[in-house]
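S.K.: Just need the whole structure built from these sequences, with the hints factored in.
There are 4 protein chains.
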Amino acid sequence: MLVGLQLQPYKGCQAAGPGGAPSSLAAMGRSAFALVLALALAVCVSPAERKCLLSGSWQSDTSSRMVVFTLEKDNRFSGFYLPGPAAGNSELLTSPLEGSQQDTGLAPQPTFSFTVNWRLRDSGAAQATVFLGQCYVDTNGEETLHALWLLREANDSPAEDWKATRIGTSVFTRIK
Amino acid sequence: MLVGLQLQPYKGCQAAGPGGAPSSLAAMGRSAFALVLALALAVCVSPAERKCLLSGSWQSDTSSRMVVFTLEKDNRFSGFYLPGPAAGNSELLTSPLEGSQQDTGLAPQPTFSFTVNWRLRDSGAAQATVFLGQCYVDTNGEETLHALWLLREANDSPAEDWKATRIGTSVFTRIK
Amino acid sequence: MLVGLQLQPYKGCQAAGPGGAPSSLAAMGRSAFALVLALALAVCVSPAERKCLLSGSWQSDTSSRMVVFTLEKDNRFSGFYLPGPAAGNSELLTSPLEGSQQDTGLAPQPTFSFTVNWRLRDSGAAQATVFLGQCYVDTNGEETLHALWLLREANDSPAEDWKATRIGTSVFTRIK
Amino acid sequence: MLVGLQLQPYKGCQAAGPGGAPSSLAAMGRSAFALVLALALAVCVSPAERKCLLSGSWQSDTSSRMVVFTLEKDNRFSGFYLPGPAAGNSELLTSPLEGSQQDTGLAPQPTFSFTVNWRLRDSGAAQATVFLGQCYVDTNGEETLHALWLLREANDSPAEDWKATRIGTSVFTRIK
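Residue numbers (our numbering), protein chains in the order written: chain A, 48 to 223; chain B, 48 to 223; chain C, 48 to 223; chain D, 48 to 223.
Mixed in with the good hints there might be a few duds.
Intra- or inter-copy, both count: the list cannot distinguish identical chains.
[Unchecked claim] Computed cross-link-like contacts, SDA-like style, restricted to lysine to any residue with a CA-CA straight-line distance of at most 25 Å: (1) Lys98 <-> Asn202; (2) Lys98 <-> Ser217; (3) Lys120 <-> Glu145; (4) Lys98 <-> Arg123; (5) Lys210 <-> Leu140; (6) Lys223 <-> Ala173; (7) Lys210 <-> Thr109.
Honestly, the hints are just simulated from the structure, not real lab data.
M.R.: Shown next as structure tokens:
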């Protein structure tokens, strides 16, 4: 549970599942552990407690990955976005992201938005992507991010602006 | 030129130094001021100087308005977005926006992105809009913002997510 | 009024406006013409009569043009789309379009959709654009088409599909 | 292999010549038929033969289904679209679709587009969806349709047009 905490500071209510019990617990009496487990589950099973924070590591359905650092107290966040192999021939490099999410006190399944300002292999036209999505939490506490994105490339004039923007969707799941 | 300076801190070739048009100018002879003005304009007409900052007041082609405060030094900005009469029957209220733009030192026609987290008349589902665009400057120094936007409404479950997102374009011109 | 009828088979109720009177009518008595005009206006002014057919010639806000042939009886249509100078450096050529609109008997301001299958200067990847829009008619009988479009380029594999699609808007007015 | 041929006239490696499974085969010995079948399959495994026709039954990732009838010779098609349970509370009913695809002689992984003109439970505002996508065929001959769609609702005036259009993606797999 502690391993990789730097990258995955938030693990929802999944701490108590099979395989999640840290080996040091083996020294504890099984009954004591069961009690702790039961208490943990009691808390976690409450729907009101299933909240989604974007902090952590995520993988998209097109094999992109992103790391979101711990949320600041105003629900802003920063992190990094790693294009997947699908973008392997492109000039997009690992790039910084910045965004914010709804306060989970107001919405356990918060909407979020963030911008990736792309670092490019060559000095081509500037490119940026905005993601707008919502984090859904299922009854097992599993989080899924559903987002649409717009990708814009800088142009020289308004006459060329019509072709500036691409669009698509991404679904992210937490890397555990 | 001084009217509404609070709302429009950036006016294209704003040659005046920190503090805008200094009140101490009142003490200067008019001819001296005219000279300074002429020099300032001479500099401003240079194409290389035509840079676009989002700071100021803007009106969209659907009569929405927005006010963007002075850029912070990392090119971030905040402000307010006022829905137009076209959204008059809707529940959207004047709402805060936050975003960033490319550094004009790198790109005189910078790309930008910002998010509006909508304040609602009634406590309905959360809504947010992301704008992704570019500021174009014509040979007269007139700035125009071309943007696409995504508007998302919060949903209860992934099954309803398919209908969450609207899309459109906006063109903004500076309110003078 | 007859000039260019091949390209503009439908002219709404605008036949009687100033300047629209064909010169051959000059031989007619003015009073007779006035009577005809009055009758025409009587019919045309009725809001219920202001219906929009896509048939005719249209110009977009990005200087693209399109010609839509007379509607077939099931409200399908075909025609041609001419990319504007904004696409001048691109490889898109004048290309066939096919689509349909709502029956104006059901909706005087009908929605419509059409697809342009692009003919390319060079044998590049296939490209197609779909337009989805609505024809609005103002109180003067002027028609405006508001549409969003998706432009897709063929790819080799699903892994590349994420970057296949561009998006934008077009506003068309009738060429008179 | 012959079961359900009406709904699924294309099943990947449809080796049979014009007319489908020829009735004259009935006269042939079973072993001869098996030989022909084996040869046909041998041919079908060739990647060059893996072509995608939209004809058949498809299921989307949001549990919508569609049935596309046999392609007309100009690569046009018609069919029906059945909204999934995700749209269960909505007023969308099974509705007709019409579209076309690239000729598979030119592109084994053709692009396609089609429009669904929605039939509504109640007489609300007209709604239509356009899909624009590409059919990808993997090395096993499995076909997948990747599409973006726009859904538009009719409005009363251009002032309301800004909120007319929703957007999303769909991935379809063949129902076997």
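S.K.: Of the numbered hints stated earlier in the document, which are not met by this structure?
M.R.: Per hint list: single violation, 6.
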